[in-house]
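J.: Here's the letter readout for the chains.
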Amino acid sequence: MHISRREFLKTSSALAGVAAAGVDLGAIAAAVSEARAQGVAPAGARYVKSTCAHCVNFCGISVKMEKGVIRAIYPDAARAEYYNAGICPKGVSGLFNTYNPYRIKAPLKRTNPNKGMSEDPRWVEISWEEAFSTIAERLRKIKAENPAKLIWQHGHGKYLIGDQFPKAFVAAFGTPNLVHRTTVCEAARHVADEITWGYHGFLPDLDNCNLLLNFGGNYFEGEQWARWLDQATTRNKERGMKVVVVEPRLSHCAAKADEWVPVRPAKDVVLLLGMAKILIDEGLIDEPFLAAYTNATSLVGEDGAVLKTGDGKPLVWDTGSNGAKPFTAGVVPALKGAYTVDGKPAKTAFQVFVESLQGITPEYVEEVADVPAETVKRLALEFGRQARIGATVVVDGHVLRYRPVAVHTFRGLAAKQFGVQNWRAGLIVQMLVGSIDAVGGINLSGVYHQPKYLEPSKAEYPPKRVDLNASVYFPHATHDVCQQVAVTMLDPKAFGLGYVPEMQIFYATNRPFSTSEGLKQVESLKKTFNVVIDIVMSETAHMADIVLPDLTYLESWHLSPTRGTIDRKHVAIRQPMANVFNLPHDAYTILWELAKRLGIRDAYIDNINKQWGLKKFPLQAGQDYSAREFVERAWKEKSGGKEFDYALEHAFVGKKLKSEDIYLKGVEHEFKGPDKPKMFLYAEQLVGSLKNIKETVAKHGIKNIDLKAYALALSPLPRREHAFPTPHLEARDYPFYLVTHKRMNRNQSGNTATNPILNALGADFDENFVVINRTKAKELGIADEDAVTIETRVGKVSGRAMLSEGVRPDTVTVSYHYGQWSTGLPERARKGTWINSVLELHPDVVSGHNSFNDTKCKVYKA
Amino acid sequence: MARYVRLIDMERCMGCRSCVAACQVENYYTPGSAWNVMVEHEVGTYPNTRKVFATMNCMHCEEPPCQKVCDAIGVKAITKNRYGVVLIDYEKCIGCQYCAAVCPYGVPQFNKSVEPLYPGAARVPYEQVAVADRHPTHRKKANVVEKCTFCWHKIEQAIADGKEDRVGKDHQYTPSCDVVCPVNARFFGDIDDPRSEVARRIGAKKATQIKKEFGTRPQVYYVLEGGDY
Amino acid sequence: MTRLLFAGLLLAGLAGVALAQQAPVPAPARLQDLATAIREGKVDVGRKYDASDTKARFHVIHIETLGMSECSSCHTGRNYQPDYLLLRKEERLLKRAGGEIDRGACLSCHATGGIGSTWYVGRATR
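Chains as they are written, first to last, in the numbering used here: chain A, 1 to 862; chain B, 1 to 229; chain C, 1 to 126.
Hints listed in this document are in silico derivations from the structure and should not be mistaken for laboratory results.
Mixed in with the good hints there might be a few duds.
Calculated lysine-lysine pairs in the BS3-like style (CA-CA distance at most 25 Å, straight line) [to be verified]:
no., chain 1, residue 1, chain 2, residue 2
1, A, LYS569, A, LYS143
2, A, LYS344, A, LYS313
3, B, LYS205, A, LYS237
4, A, LYS638, A, LYS336
5, A, LYS520, A, LYS831
6, A, LYS242, B, LYS76
7, A, LYS167, A, LYS638
8, A, LYS527, A, LYS493
9, A, LYS336, A, LYS325
10, A, LYS143, A, LYS527
11, A, LYS242, B, LYS112
12, C, LYS55, B, LYS112
13, B, LYS205, A, LYS67
14, A, LYS610, A, LYS569
15, A, LYS242, A, LYS742
16, A, LYS776, A, LYS796
17, B, LYS211, C, LYS42
18, A, LYS141, A, LYS527
19, A, LYS778, A, LYS858
20, A, LYS67, B, LYS206
21, C, LYS48, B, LYS112
22, B, LYS92, C, LYS48
23, B, LYS205, A, LYS656
24, A, LYS642, A, LYS672
25, A, LYS655, B, LYS169
26, A, LYS858, A, LYS520
27, A, LYS109, A, LYS527
28, B, LYS206, A, LYS237
29, B, LYS205, B, LYS169
30, C, LYS48, B, LYS140
31, C, LYS55, B, LYS76
32, A, LYS642, A, LYS676
33, B, LYS76, C, LYS42
34, A, LYS493, A, LYS569
35, A, LYS861, A, LYS778
36, A, LYS109, A, LYS67
37, B, LYS140, B, LYS92
38, B, LYS169, A, LYS237
39, C, LYS48, B, LYS76
40, A, LYS776, A, LYS308
Generate the whole structure from the sequences, applying the supplied hints.
T.: Structural data, given as structure tokens:
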């Protein structure tokens, strides 16, 4: 490591305007007496409103500044009405994200040509000019040859300056390869939403909900919308809402729930299907909803495809005329039954679903998912009865469906080999009781915003993108497939990629550290010339050729993303309050400078205007804009022309939505009744996608696609087989299920690892543990804090045991953001277990989502 | 005269430890000597398990044993002011730790030294704020005892600004641990003001003080959930 | 410094106490008399106030003067259960103390009406 600690110190202490390091106790005493004698009061503070960007919640903050020093960070009280009531420990201690002596302080060049975990990169500081000219020269060559050879990857960078800028840059440059991180988060949930109702995203309508079933969503420890979900859940639990948490590990959500249902890992889908069967058998279903809003009434042929008219309208069985017709006015579609259409047998989609549930009895669920049959019955009946099927409520004069039950999830159902199918089962259970977009149910965002999501995938080949997004490999991946870049890079030809990428720019992402089979991810970084823009020496930066320092979220401008809730929306900015290391650039200006040097600035500007939707206040070609100048224009555009001074003072402007906007613009408007598209209980487009995949595979002689596996993954209905990811079938000698979880105080990117406050929130907060069931551990002779080994089919990793009553006896769980190894971090920041390095990778082929929770392992005393 | 109290609603607490972090940042954390800690433990046996989260800080007792013992030995470093806040004067403290020995809540923390936040690295600008610019409660010293002050520097500011009515409401006048809680599990204010949120909630949620047998009459109330009191 | 500090366990039948390195003091007949003697300065228990120093007066009073000679008179030698919320589990009462202390031991002498100085007074509620 070239940047020695001494140099860090040198740089740190060379800060302008701060006193020399070290504390002289005598001097303190003298100063105290002097201050007393003079009656000196603490210096006057000022408060700067801004928006936190430590995670993806974007909380309103009020930052206390004293004599130019960031003294403390509080929640912005004015934002409480729109989003966050408080802030998390990361946000509270966010000043140490900025005042971190281990930040990168100057551009660095690798001088050791060998890359590897144990290789010293032998960094040499270079000037910004040298950095820019080296990068621009390489980019010019790539642009001339084939722009696709450049890959831009970001993770949190998306939220630091907005992915609109990188998207504008790659568009101007000409590469299709821009890769975000959603397949380590909740991409499968999004894709399940998309193939069901034409867009993604939802929130439970907690203020009106009476029963929340949470499948592994962990908003008490860290998740999108967490700062709203936490307070809304707590508030409504006090009102009487019941919370049931279904997950193998007792998260903080489960810890505070009315009931914890420790389901066996990956088997949730069977529990949901078992509940669906009970709801149907007991008649606890909303038949009018299924008929009017969903494609449950569509007729399905023997090949699984929905029967359609010549112009593509799906057929239903009209009980009035006793014939197959499109669902137009006057038609009364049958929900159940088998019919003959044009001499061929057909069934309603609902009928197909009912028959697929045969055998998924409570006893079967108990056998597979290890949830007692009694509990399965009770949960299903409670859900069905609490849904109050048929009830309406009048809100602001509107008669609305009232179904106060909701199913919520995040990585719990998504981060699986069959993530899409798991969440599809959750959506279907909610369709059965008619709670979707009802008062008290889940409230969908942007319903039918993208009708193309309800169409089959074209299953393109050869893939255009290195992550194989939307290709034959990941036919419905619409959120990039971040972990696939490394896999493709190790053998581009195997995936038919028509070029070999040469250069990658990573912006605020720690990709190899954050995904499964981490060692392979690291290995792939040897294949390209890598530029990393970040605030600390992440593991990705360790594998870079050039590292550029970035400004932190307290040092830079941004028109911040925000988290709108069910009934609130707001526009916010982030503004700088320090520049601790006097850095001249952040990612915004780095991109701008590169665009200029490449001669694509005006194309970049044009794309920025498109990406940001700047119409009234666009950037003009031929001009340069500082980040602040951009934010001023974007603020005016998005806030309806509000003065920028208002933004500087308040940092946001919010509005409350009307009840018709909340409840009547979604499925009511898009799907209800005849002559409307329908929400897909039966994901009919997947049948078409599979057909296209088969054709593509045959046409190109593709060898590395297992059509049987794709047929299973692309099933139009969730099935019991979706509870059996590959390791569960194959790794029979590995007795434990291995799942991963999040803790509030850490992220994977490395910038929290040195935070002295986050590491001191309690004993052992600077490391993670292998959490093992107490009784099981005793059987294995493992005591608290014993050194243990986790062995999977990928490899071995060591850790310390933590015995707990809060985990299944057949499961071990490890948080996934410890065990960093970058030599740019001090030893004490590298404690713990890097669990991602031993996770098997079997991504969900529908969405590309990483399978974080499917691995099996052995655990033994080290 | 306001009598300030805190309510910690353990039923609402989700265990995030924001209050722990906020205390440390606000009060120039001395590594190893937290003024506000989280006690977290499991209840029950698998699969009937839950977790309990309790944060502990100075109880600002109406009958503070720490002050009594400090007075008794003639050191008189501990005062309880007319707002009910118990404070330690680092200039008078002799580091005998008698206060720590008598506090039933394990509150006073003794430091052998005041280490930098980043061991081996230079003190960062936040740490370099001049002593004269710090409130006396933040002029950390070695060989003295320190503890939670109810963020007295903020209450003092409220008094100076004539904003006592904003204590418990505005972040510049309210203890930081209470300000940052994401789920409104903490409340601060004047228990003698019948309209204050804290007074109303103490009654409505049947809050109580802990370890009453010591007769310390804490000014921190708990809505209890689980655990051994 | 007229008032002295002590804490103690009521040891039934305690007849006399050997005082280390001090001028002979008449053995008090009752613990309360001894307590009074310490408070009145009639017993020299040293001048160093440091609860963590076993040679300083805090320990001299309790161990040598009052005869609570076993560490286990105060220190339990075990940690509290993790759900014992009244204590800060992550800190010993005194960081270098050799085991946690059951405060019941202090309470028996130092509450209102006890023979020791009154640290724990008043009623629990108003």
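J.: Quick check: which numbered hints come out false for this structure?
T.: 1, 4, 6, 11, 13, 17, 20, 23, 24, 32, 34, 36 and 40
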